[in-house]
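Peer 1: Each chain, written out:
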Amino acid sequence: MTTPQVKEAKTSQGKAVVNDFSMTVATMNGSGSQTSNVTLLRALFKMGIPVSGKNLFPSNIQGLPTWYTIRVSKDGYLARRETHEVVVAMNPDTFVADLASVAPGGAFFYGDHLKFEINRDDISVHSFPAKLLAKESGAPANLRDYVANMAYVGVLAHMLDIDMDKIREALEYHFDGKEKPIALNMGVIDAAFAWSTANLKKTDPYRVEPMDKTSGFIMADGNTAGALGAIFGGVQFVAWYPITPASSFAEAISQNISAFRDKEGQDGKTYAIVQAEDELAAIGMTVGAGWSGLRSVTSTSGPGISLMTEFAGLAYYAEIPVVVWDVQRVGPSTGLPTRTSQGDILSTHFLGHGDTQQILMIPGSAQECFEFGWRSFDISERMQTPVFVMSDLDLGMNQWMTKPFEYPDQPMDRGKILWEKDLEALKEPWMRYKDVDGDGVPYRTAPGNRAPQSAWFARGTGHDESAKYSERADHWEANMDRLVRKYQTASQYVPAPVLQTRAGAKIGVIAYGSADPAILEAGDYLAADGLATDYLRLRAVPFTDEVRDFIAAHDKTYVVEMNRDGQMHKLLLLEYPEMAAKLSSLVKYDGLPLSALWVKESLQAEEQK
Amino acid sequence: MSDTTETAMPNIQLNLVGLSKNDYRGAQTTLCAGCGHNSISNQIIAAAYELNIVPEDVIKLSGIGCSSKSPAYFLNRSFGFNSLHGRMPSVATGAMFGDHTLKALAVSGDGDTTNIGMGQFKHIMRRNAPMVYIVENNGVYGLTKGQFSATAEMGLRLKYQGINHYFPVDVVQEAMASGATFVARSFAGDANQVKALIKAGLSHNGLAIIDIISPCVTFNNNDDSRHSYGWGREHQEPLHDFTYVPREQEIQLGEFPEGTTRQVEMHDGSTIVLKKLDRDYDPTSRAAAMRVIEESQDEEVLLTGLIYVDTERPSLTDIYELPQGRALNRMTDTELRPGKDMIEKANAMMF
Chain E
1 MTTPQVKEAK
11 TSQGKAVVND
21 FSMTVATMNG
31 SGSQTSNVTL
41 LRALFKMGIP
51 VSGKNLFPSN
61 IQGLPTWYTI
71 RVSKDGYLAR
81 RETHEVVVAM
91 NPDTFVADLA
101 SVAPGGAFFY
111 GDHLKFEINR
121 DDISVHSFPA
131 KLLAKESGAP
141 ANLRDYVANM
151 AYVGVLAHML
161 DIDMDKIREA
171 LEYHFDGKEK
181 PIALNMGVID
191 AAFAWSTANL
201 KKTDPYRVEP
211 MDKTSGFIMA
221 DGNTAGALGA
231 IFGGVQFVAW
241 YPITPASSFA
251 EAISQNISAF
261 RDKEGQDGKT
271 YAIVQAEDEL
281 AAIGMTVGAG
291 WSGLRSVTST
301 SGPGISLMTE
311 FAGLAYYAEI
321 PVVVWDVQRV
331 GPSTGLPTRT
341 SQGDILSTHF
351 LGHGDTQQIL
361 MIPGSAQECF
371 EFGWRSFDIS
381 ERMQTPVFVM
391 SDLDLGMNQW
401 MTKPFEYPDQ
411 PMDRGKILWE
421 KDLEALKEPW
431 MRYKDVDGDG
441 VPYRTAPGNR
451 APQSAWFARG
461 TGHDESAKYS
471 ERADHWEANM
481 DRLVRKYQTA
491 SQYVPAPVLQ
501 TRAGAKIGVI
511 AYGSADPAIL
521 EAGDYLAADG
531 LATDYLRLRA
541 VPFTDEVRDF
551 IAAHDKTYVV
561 EMNRDGQMHK
571 LLLLEYPEMA
581 AKLSSLVKYD
591 GLPLSALWVK
601 ESLQAEEQK
Chain X
1 MSDTTETAMP
11 NIQLNLVGLS
21 KNDYRGAQTT
31 LCAGCGHNSI
41 SNQIIAAAYE
51 LNIVPEDVIK
61 LSGIGCSSKS
71 PAYFLNRSFG
81 FNSLHGRMPS
91 VATGAMFGDH
101 TLKALAVSGD
111 GDTTNIGMGQ
121 FKHIMRRNAP
131 MVYIVENNGV
141 YGLTKGQFSA
151 TAEMGLRLKY
161 QGINHYFPVD
171 VVQEAMASGA
181 TFVARSFAGD
191 ANQVKALIKA
201 GLSHNGLAII
211 DIISPCVTFN
221 NNDDSRHSYG
231 WGREHQEPLH
241 DFTYVPREQE
251 IQLGEFPEGT
261 TRQVEMHDGS
271 TIVLKKLDRD
281 YDPTSRAAAM
291 RVIEESQDEE
301 VLLTGLIYVD
311 TERPSLTDIY
321 ELPQGRALNR
331 MTDTELRPGK
341 DMIEKANAMM
351 F
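Residue numbers (the working numbering), protein chains in the order written: chain E, 1 to 609; chain X, 1 to 351.
Hints are not guaranteed to be accurate.
As the list claims (entries may be wrong) - Each computed DSSO-like pair below joins lysine-lysine, with the alpha-carbon atoms no more than 30 Å apart:
id, chain 1, residue 1, chain 2, residue 2
1, E, 178, X, 345
2, X, 340, E, 403
3, X, 276, X, 195
4, E, 263, X, 345
5, X, 340, E, 213
6, X, 345, E, 403
7, X, 345, E, 74
8, X, 145, X, 195
Said to hold, decoys possible - Where chain E lies over chain X, by a calculated footprint (3+ residues, C-beta under 8 Å):
id, stretch
9, 75-88
10, 94-106
11, 324-331
Rather than coming from a laboratory, the hints here were simulated on the basis of the structure. Note that beta-carbon positions come from the ideal geometry of N, C-alpha and C, so glycine has one too.
Could you put together the complete structure from these sequences and hints?
Peer 2: Structure representation (structure tokens):
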């Protein structure tokens, strides 16, 4: 077990710290540094070292500062750390702050085109000729600024012992095997490696060594994973509107669906993707497609969710299956559009006016994004209602070490849909909104059903069991009560929470989504400090019985989440008012991925109160 | 039900698909007596019956408002979606992909289309979704009791609202500007023309905008109002005599002296025969269309007829390479879910 902070590394001849540190690269947005950063991340992963990468980027195309932080952890901890032992500075605008940010005993690297005073003697400091190396590598003049960032890859490879073959492997993947860009970038990396070998002396303790803790894992971002999951879920219709951080979800469907779904000899496509004029139209199209019997999805973020409110209410009340991916970012309003958050929980659960309860699914890993990609369709069609998959920027856009995607373990569940022969076989006349089975879920038909009694009129206005317009008080109440039954039924279909228990734990922690790695890590630290905690990772609203049992079984349960108002905590209070005294809220809402140190210290502080 | 009613039924006329006109009707209308929308509903019923369309082959869509209520009053056997105010075009766009072999018929109003729904109205035209889009245009809000809509003319005075000071939106002009491929205007008081245009619209493979001046007898029917029966009757000026000739019927050109007609071949093999009136109008010319709209505004006439048609541009569903004659919503699980072996490919795509 390690402690979250690396202690007292001497600047010279200290004991080596292997595979357990964080590094941050400070660059300028749009300078091409992403390739360098992801290459480092992937090379480390291929060396068998557990690793996570977080892109902390501005809402800007070019020029504003951006940081990429990589954590290597022999213990497999993937959360963001608050200290950085290795820092690379490539951006004059943030140089001073970047230099100040290096943990004592750490290493600081900077491009020698940056002329600043070095005011620290407690760290190792190295400059390197990034621009010269780019020039000497023979890169064309117009590409030199972009490949200059490869220089720090070569320097770090030398100084941290990163395997150059793995770096090449990462570049080959990144450039899809195209030799020209691979050679161009590798040229700079090789030159920088050689230059570093000849000129720099290692004085800090941080380095990496190959290990075998990433076999059986892949690296994926949640948006691509979710998109592939949707493709395996038989997605038929996608409508979307560009928005950070959700665009890459729909784009990944566009880019990959043909490879998985188009078959030889097929007479046409099995799907359609429309870029809509706004989020209103995107959800409108998705609702239209869901009504017409298609597996239909849209992806968006908070501002889009706000715009989709009226349609969400319509789909809830008219009982139209649609899936909405909400890749959450910081709000309200435009907020911090490139920072992560779990701030849409309450608004999305109640999305729509009047009495509305929407189903939420909350993935906690890229692998789970894949799974929820297909499972969300099953639940949505089974329940004939919208399903919101609540991802976030950190999970959606960053590369995560994750278990491989698993083929769906169940056949597609199209729910209670009736076609011509099904209607023929019925003993009683079909009625669109009749609760035949007592589970609140009626039977539906879809346009194109040619049976003369199959048609129904979808509407957001009051209706009776046969979907006819009705303003009768008893019709309205009966229908609203059935929707409650339906929502209760949904708790049998949504994914159950994931539990982690420790012997003798009296304190519980409830968290969800991308908070997972920080909670897991903090649990270890707390246990090491003598406080055993159990952990329940929520994966859906409505809550399942496990949630009630968990809260009941603990003296106190902390609900840890990334929003100001403790939104999930509030939902739990609403659901379990009798256990309100047992529930406590711990929140962080600074737009950054959660750190284990914060979780541990905040929880300890609460416990000491 | 007594025996006498059955025996008393006169020999009911059936169309070629074996249906009577009753099979095309809907619920009893709840709109005001004399509302232009009711006569349009009747022409939709008549057009579908006469075209031998099976009602199950149609989806009907609408937004919110008096006009948008009307799909409940026709084609009871068709699937329908009374959606949100101004958002019918997006719902229709998505719905069309479920079974692209169906015909889509949408009804909207001037408020639903040109006030709250202007954005979606423009974009569905850009996409050329294969659908008849009827705007029942009366210049006024009915359900909320008599407010101005964006098509109300400048200077119009309404009882509770005073005078309209804003420039009106011309539905047809907006349609032309947005690349609609079938643009027509009609008048609810001219039932035959309404019916013929609906038939032609249903034969069009693309978005067919039919802007129908459909008077609101309760809130905007003074004779000097541009959306009244009185003004329409006085000022209607047909561009041409419009005849719709279904595919199975031979065109009897002998009826028309040579050089007095133009014909437009529609996607489904039907033909529109346009008989010249005062002028020789070419409805395939965008420039001519823009010009006659401008002129009709200057001359204060209600210009009606097929103003523009482009039968060449692919429709939305053409663009998507959907299977021939087979609906997406009939795809089997095997067609939709990649095989087990494909999971390796998905994982291999990752690093």
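Peer 1: Hints first: check each against the structure and report whether it holds.
Peer 2: Right, here's what the structure says about each hint:
1. For the given pair, residue 178/E sits about 20 Å from residue 345/X by alpha-carbon distance, which is consistent with the 30 Å threshold.
2. For the hint pairing residue 340/X with residue 403/E, the CA-to-CA distance comes to about 17 Å; that is within 30 Å, so the pair holds.
3. Taken as a hint, the residue 276/X and residue 195/X pair is honoured in the structure, with Cα atoms around 19 Å apart against an allowance of 30 Å.
4. Of the supplied pair hints, the one linking residue 263/E and residue 345/X holds, its CA atoms being roughly 15 Å apart against a limit of 30 Å.
5. Taken as a hint, the residue 340/X and residue 213/E pair is honoured in the structure, with Cα atoms around 27 Å apart against an allowance of 30 Å.
6. Our distance criterion of 30 Å between C-alpha atoms is met by residue 345/X and residue 403/E, whose separation comes to about 15 Å.
7. This hinted pair checks out: residue 345/X and residue 74/E have alpha carbons roughly 29 Å apart, not beyond 30 Å.
8. For the hint linking residue 145/X to residue 195/X, the alpha-carbon distance of about 29 Å falls within 30 Å, and the restraint holds.
9. Counting residues of the stretch 75-88 of chain X whose CB falls under 8 Å from any CB of chain E gives 10; the rule of at least 3 is met.
10. Counting residues of the stretch 94-106 of chain X whose beta-carbon sits less than 8 Å from any beta-carbon of chain E gives 8, enough to reach three: the coverage restraint holds.
11. For the stretch 324-331 of chain X, the stated coverage by chain E holds: 7 residues have a C-beta nearer than 8 Å to a C-beta of that chain, and at least 3 were required.
The earlier numbered hints are all upheld by this structure, with none contradicted.
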